[in-house]
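Trainee: Construct all of the structure, not just a fragment, from the sequences and the given hints.
Number of protein chains: 2
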Amino acid sequence: MVSDSLPTYSDVTAAAHRLKGLVRNTPVLRHDALDALAGARIFVKAECLQETGSFKIRGATNRLLQIQEDRRAAGVVAFSSGNHAQGVARAARLLGMPALIVMPSDAPAVKVEGVEADGGEVRFYDRDTESREEIAEQIAAERGAVLVPSFEDPHIISGQGTAGLEFAAQMEDAGQRLDHLITPAGGGGLASGIALALEGAVPDARVWVAEPAGHDDWTRSLASGHIEQNAPGTRSICDAILTRAPGEMTFAIGQRLFAGGLVISDAQAKEAMRAAFRYLRVVAEPGGAAALAAALACLPEEMKGKSVGVVVSGGNVDAAEYARILTGA
Amino acid sequence: MVSDSLPTYSDVTAAAHRLKGLVRNTPVLRHDALDALAGARIFVKAECLQETGSFKIRGATNRLLQIQEDRRAAGVVAFSSGNHAQGVARAARLLGMPALIVMPSDAPAVKVEGVEADGGEVRFYDRDTESREEIAEQIAAERGAVLVPSFEDPHIISGQGTAGLEFAAQMEDAGQRLDHLITPAGGGGLASGIALALEGAVPDARVWVAEPAGHDDWTRSLASGHIEQNAPGTRSICDAILTRAPGEMTFAIGQRLFAGGLVISDAQAKEAMRAAFRYLRVVAEPGGAAALAAALACLPEEMKGKSVGVVVSGGNVDAAEYARILTGA
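Protein chains in written order, with numbering that gives the first Met the number 0: chain A, 0 to 328; chain B, 0 to 328.
Because the hints were derived from the structure by calculation, they are not lab data. Keep in mind that a hint or two might mislead.
Since copy identity is lost for identical chains, a pair holds within one copy or between any two.
To be verified - In silico SDA-like links for lysine to any residue, alpha-carbon gap of 20 Å or less:
hint, residue 1, residue 2
1, Lys19, Gly174
2, Lys305, Gln65
3, Lys303, Arg142
4, Lys269, Thr326
5, Lys269, Ala32
6, Lys19, Gln175
These numbers were taken from a predicted model, which means no experiment stands behind them.
Mentor: If you want it as structure tokens, here you go:
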């Protein structure tokens, strides 16, 4: 049973304790112009300013800290389009472990370089013809290394959830309170972790997930009550959140705690990146800007006029692509 | 005597108390790659993430809070290439005062729009044929409004200095300590305020100012012991820090407390903007990146291996220019 191993609020608070001093307390930013565009009070948790440029370091570090001392020398293996890759590589370096990451051959160069800068070894695969899961499992078996999943793991989920716990505390410090929170969702590790955090810290707040059109697996799964898959071959610029389907664990949590899914277009993701540049002066990558895009472009009526938390989950984007998007391409 | 009215450390701590809740506590960011490029431990105080996109809101708010209630209705007047303009416009809005800003006709559009978004009135002038000081003084006299200088004022200086106080406290919280600090300098309000803050909070730390080639008035003034002017007509992309000469107050403080000046090229400022994008995921404007440029491109030998604080002072740059710079233009 998946439900036996699901993390809870206390796992998120334990993770926050464990990660203290190892990850950054990222700022909450806001701007009147964003409030005006959304028709609500928008508070942005800037996880693009996190170590390695995304929230992924939280879950990765929390997971790697569980590995027994005598197994650390064999290292870790992960597969990822880039942000989890960098999180795992950095966490492994912090703990003195070798890391090998299986990455798609079309991953943004900035993400590949991020892994390599932390001493991670990269094995490329072809998105269309190879299975990254099989490659990673085979290498892990050969090396006796630990395979670190990108979302379907209780320690990953509770680690990512620390972003939500931090967000709630920062709002309270500022005399504010979240009515709603929107977060980008691929596999749903961040979203389900945040939902657990808010269940304990701000029980009235409602958690929504944002995802690109064509990859609206969460929206459809939440509506049908079953895990729904995305059609293979669908493309989006939101590379960080393109997964085939919600995980069993993340869906079990999401089904209980998520208010719903919000679907955005690539054009809306780009517009949100431009808004983050202009009004917040932070760099958001396409997938990282999905929740901000939903807030600015298609905020549901029930959130209008409310305090809406938005997670900008990553900022790893190649300069040339970013420049093209800034200038409206 | 200028020295009679100079602010001190206690003015900076009083300003910090006054500004609590009115300005943002901006984050301190770092990245291994910056340390490697500089050959030192680099800690970046990201004032580009401040309200209005630069530190200027600190001094402006601290200054406007000094205006007696019965004088507030007549409002304030300021002249500025853009960041002080936005700081004054925002501070005036917070206190319910009208604001008119005299801005150069070639100011970046994003800065003009920032002023207007806060309800500020803009009067353009021609950098080459008109005197902004005369225009501003005349309008202030006509309206009975208070003229808010951009640096030559004890409350402006002590307000800007709160960035340094905050930086010192954040470093202490992280178990770190600044050996040196580099900040961009135009008129020197931020730099002299920070120097006062560190004189009290981290007395051993040495404060350096960074400025663009052709506008190295601080470097020459500190060397000669007299206020030196820049040649008229010299251009640089660092629009935020192009002033004719140090102020009398800021120079009196700087002469006593600054370790020296560091001169950077426009190309080095652009390289620092690219580094801030890539490694910190924050948007820095050219002048705002001057200190980071000095750290990465020409760090003096005595700072190598040390803990060096760097202030990125602003992030207000037009998207098209930023895109050109990101792609190496």
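Trainee: If you test the structure against every hint from before, which numbers come out violated?
Mentor: 2, 3
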